[in-house]
Each structure stands twice: as C-alpha cells, then as structure tokens.
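Engineer: Place chain R on chain P using the hints.
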Amino acid sequence: MKRKNIIFIIVTIALALVLSSCTMGPRAVGTPGLTAGEDTVYLAFQQYVYSVNSESGTEVWRYPSKGNIQVVFYAPPEVDGDALYVGDLANKFHKLNSATGAEVWTFDQAKGWFIGKAKAAGDIILAPSSDRSLYALDDSGSLVWKFSKDFALWGQPVVEGDSVYFGSLDHKVYALNFQTGELLWEVQLSGAINASPLFDPETGLLYVGSLGKEMVAINAESGKISWSYPEDGTISSVWATPILQEGQLIFADETGKIISLDSKTGSFNWTIEAGAKMMGGLLAIEGGFVTVMEDGTVRAFDYERNPLWTRTINGELYTTPVLSNEVIVIAAFKSDSLLYGFDQNGNQIWSYQPAK
Amino acid sequence: MWDTIIIQPFTNVLLAITMVVKNFGLAIILFTLLIKALTYPLTASQLKATKAMQGLQDDPRYKKMMAKYKDDKERLAQEQMKLYKELGINPLGSCLPTLIQFPIIIGLYQSITKAMAATPFELLGLERLVYNFLDTSKVIPLQSRFLWMDLGQPERLTLFGFPIPILAIVVVATTFLQSKLMTPPSQGNDQAAAMTKSMNIYMPLLMGWMAYSLASGLALYFLVSNIATIVQYSAQGRVNWSNIFPFIKDKKAEGKPKPVQISKTIIEEDEDEEDEIVVEPVKLSKPSARSAVKKKRPQMKRK
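Here the protein sequences line up with chains P and R, keeping their order.
When we follow our numbering, the leftmost residue of the first sequence carries the number 250, and every step to the right adds one.
When we follow our numbering, the leftmost residue of the second sequence carries the number 2, and every step to the right adds one.
Hints were generated in silico from the structure; no laboratory data involved.
Positions of the beta carbon are idealized from the N, C-alpha and C atoms, including for glycine.
One should not assume that every hint holds.
[To be verified] Derived list of chain R stretches under chain P, where covered just means 3 residues or more per stretch with a C-beta under 8 Å from a C-beta of chain P:
#, region
1, 112 to 124
2, 138 to 146
[Said to hold, decoys possible] Heads up, simulated DSS-like pairs for lysine-lysine below, C-alpha to C-alpha not over 25 Å straight-line:
#, chain 1, residue 1, chain 2, residue 2
3, P, Lys462, P, Lys513
4, R, Lys23, P, Lys421
5, P, Lys473, R, Lys139
Just chain P, same shape as in the assembly:
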C-alpha cells in the first residue's frame, strides 16, 4: 500500500476518534454520586462503585473488581440494609451486597441510562431511568410494573404510604400507586425537575425545586399546588432537594443564593449570598447546615444564617454532601482526591483517592 494511502487512512481514523471521543467509552460527563450508610459511604463514579469507611476514609470494596470503559456509574447508590442498588450507563441496574460488593442480580430490560438514585421501600425497588420509565422491581430483580412518560427521569422517587412521588425532565411531578404503578395525579411546573421531592409529614406537602427557577409546594394527597416561590422570578434554577429544619424550608439556587421560606406558607424568611455557583444540595448538621460550591468552597451556617466555618477544596463540588458516622463526606470533581471527610467543626479528617 502506498505511503500516502496509509497516511490518509491514519488521518481518517484519527478524525473519527476525535469526533467520537466525547461519546465513546464513558459516553457522558457526570459528577460523583454519593450515598451514606451507617459507617460507610458509597460512591458511584466513572467505572466503579466504591465503598469507603467513613471514619477512616479507607476503601472497603469496589465494584466491579476490574473496570470496563463501557460501563459507567454516576447514579448515587441506594443502600437498604445489606442491599445496595445502583444503575449504570450501560442501561443495567444492579443489586449488590452492601458489605462485600458482590453482585446479587442485574436487571437489563431498561433502554436508557440510570442517572437517578433508586428507592427501596419494603420489597419493591423503584429505579428511575433515562429511557423515560420508572421501573418497579421485586426483591429478585423481576419487573413488577413500569410507568413510562415522555422524558428522562433523573430524580429519586419518594415513597409515602401507598404513593410514589417523583419529578421528571418533562416539567411534571407525578404521583403513582406504589403497588400498581397507576397514575394518581400529575402537576405541571415551569421547568425540568432534576432533584427528588421532599415530603413533610407534618404539612402533607411535597417540596420540589425546578430548573424553571422556582420552589413549589404541592399537596401530596390532591396534587394541587399549595404555594410557589417566587412570584416575581428572582431566583435561578434549583438543582437539588431542599432541607427542612425547624419549620424552615431551606434551599439554594444555581447562582449561590441560599433561601429560607416558611414551609407551611412559602413566605420568605431570609437569604444568604453564598458567594459561588451551586448545584449540590445542603446537608443538615447539628445546629446548622453545610453547603458545597462549584468553586470548591465548603461553608457551614447556622439556622439564623450566621457563618460557622469555611473551607476550600482544590476541585469542583457538584454533589450533595452526606453525613455518615458523624463525619461530613464531600465528593469532589476534578480534584486531587475523590472524597474528603470533615468533622462537624470543619476540620478535615481524611481524604480518599482510589488506587489505580
């Protein structure tokens, strides 16, 4: 074969690889998915799911033992006793042994990626998928029912009594019968819903933030909107689930504005400019809450909005922090370490970077 021919073929292949590099291998860019167990945190990131001791920051196990570039994990795992449920970007949903990381079963009937966190309730596991379906599986991994709509599901469902509540990228919140998957009601919001709703048993309200720059309270029984904030559109997109503390509903918008509302009426209490963009949610700790920001800043405030402490991590923070064994665990993106452990006074205890 002539030299020019060989050069031409090499250049063509290189061009194809350059063009396809964004979507081959780990075919999407995602941020770490983090969940807390009692004395362990579980992290889904790229080719592995990791189990890390939250007291020492040491790795307990990883799944699979040898990573596959075609199998990528971003969905936060759901831990339920000795079971751990996590979906991947190869359209498969796995049940693992949470103590050992051994695979128990795999569900492979989905036609889209698993981005959202699953929810285990009794013997049913609810797995939201990007193929626009919510899958209800039994303890053996068999399909019990499936509910499909028009857009991907990225948020963890909430189970309360006989009802399942979840938001969708189609701008709607749905309520289903938990046993049958039958639609109870649906309500339209202004934007796509990325996060899980928060249910308040005291008020019977579901709190849902959307990318339509709003926080909405919905009556879980009737599906009617109880209140919506703000009325004049002064906040930005809401990416994460709010927290509820002492009658205050607290959440952050994308610009880094932290807002406190009265959970019953939606009336405004106070706001804090956190100082940087925020996608991750807030973590309630003793006497206050912790926020993580895109620029690597970690800040803690009390409920009177007084700052408690500030730390900086070299990296970007998009994942909602978790509390395990009294340790605040933060997952970092583009950082020297994947996980950081802090005590509740903001002192760093450990960091964890997976061995290659």
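Structural biologist: Relative to the frame of chain P, chain R by itself:
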C-alpha cells in the same frame, strides 16, 4: 474562545430553531441545512478551484513538466508554481475553503452533542451556554424522540425481534454514494486513483461505525449532511452519475474520440484566452467519457 465564537452561537441557534419547530430532530435537519447553505460560497469556491486543478492535469505543459522533471522534485515544484501563476490558479484554492469549513463542521457536531445533554452536569453546561434572551427553561431539556429514534442514544429499529441499525446503514449508503458521485473522472494518475478508491471504501465504513456507535442525533446530522452535499455538488454540475449508473457513461461515451497522439499544435481551451503551445509528442492515457465530452465541446462551438 472556541465555545464563545463557535459552540455558543451554534447551540443557541439550534435551540432557537427547536423552540420554533418544537422538534429536536427536525431542528437538527434544519440547522444542518442552514449551515450547509451558509457555507455554500466556500463549497462553490472549492469546487471551482478543484475543477481548475483537474483541468490543469490535462494541460500538455503540465504533463510535459511532470515527465521532464520527474527526478528533480525541487525544479518540478518551481515549474508548477510558475504554471499556476501563469494560469491564475491558486494551488491552495481547493483546500483552503475546506480548512475554513472544518471548524464549522466540528462546531456543528459539538453543538448538537451539547444540546443533547445526557446527564445533570451536561444539562448544567447547556443551561450556561444559552443566551439570556432565550427562555429555554421551556425547551430544556430537549425532547429527544424523533420518529422511532431516541436522538440521545444509538439508533436501532427492532424488526422481527432483531435490532437493526437502519440509520447507520443509510449513513454508509449515502457516504458511499457521495464519495462515488464526487469522484472525478480518472486522470490516469495511479496514485490519486488509488487514494480515491481507498477513500470510497474506508470513509463510508468509518462514518457507518460512528453512526452505529454514537447518539442517533449525530447520525441524523451525518445523513442530512451527506444528502445536502450531494445536492450542492449536483447543483454545481459536479456529480458523476456515470460512476453509479454505467449506462449514463455509455451514452455519453458515444462518439467519443479515439486516443490521439499530440504531435503539433494544441489550442489551449481557456475561457479567457487562447494560447498556442507546441509540445513534444505525448502518449495520452485513455480519456474518460467526461473528459472526452469536455474536449469535444469547444470544437463544436467553433463549427
């Protein structure tokens, strides 16, 4: 810089089209056609330059210098440059428009990829690309269903229980068709012909592999782009249907002149001027139907 100049405007136009037509698949098609239309002057300029370069290879002076200086590359290059200058041909004229189009094609590809944000992090990136005056909270995320496809996933159509990659097959077919139709008539240059032959085989396979493995929104773009390119070339009269339909070749080849020995004066068939050039006898390779027709045209005019 790249994002600001190329990706951001492209993505916003794509989203704006989606907001109007309310269908992302249709928006990809319209956006690809829009970009093709906007870059048409570059394509036309490239075609013109390519045509001039191809015509040059029939020029007896060119053939003579190729033979004369075949062992002296430096001198050959000097003589070629002289001839280019004399005939007013820019040797970069055929590749410069391609180079200018290249970032546009890459930008188009990347903007489609960005618009199909498949994770919350990618959606955050898309949200930040959108200009303030577009109220995209109503359109984001994009509805990725189009016909039987999920534009964010590789395409498969299940027929009789088998997932068939229809779009990838059509992309292979149209890329092959495009390559064949745009292959110029053989100039008797073995190396160039071999290169073209390789391209006709490898390019469709590569495009097919990409269409098979990438999100179907991108495969849709490949398909529309292929069809638009064929139409553009066809409008310029640069499509060689005889490469696909041999009977067209046979028809055109009727009355084809026999290969001749150029032994004395050849009238240079230039649009603006006619030069008289005396050349040494050169054995011409068998002319193709197209070049035969081209050579015949001026003689007919003179009659």
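Engineer: Which of the numbered hints are not met once you compare them with the structure shown?
Structural biologist: none
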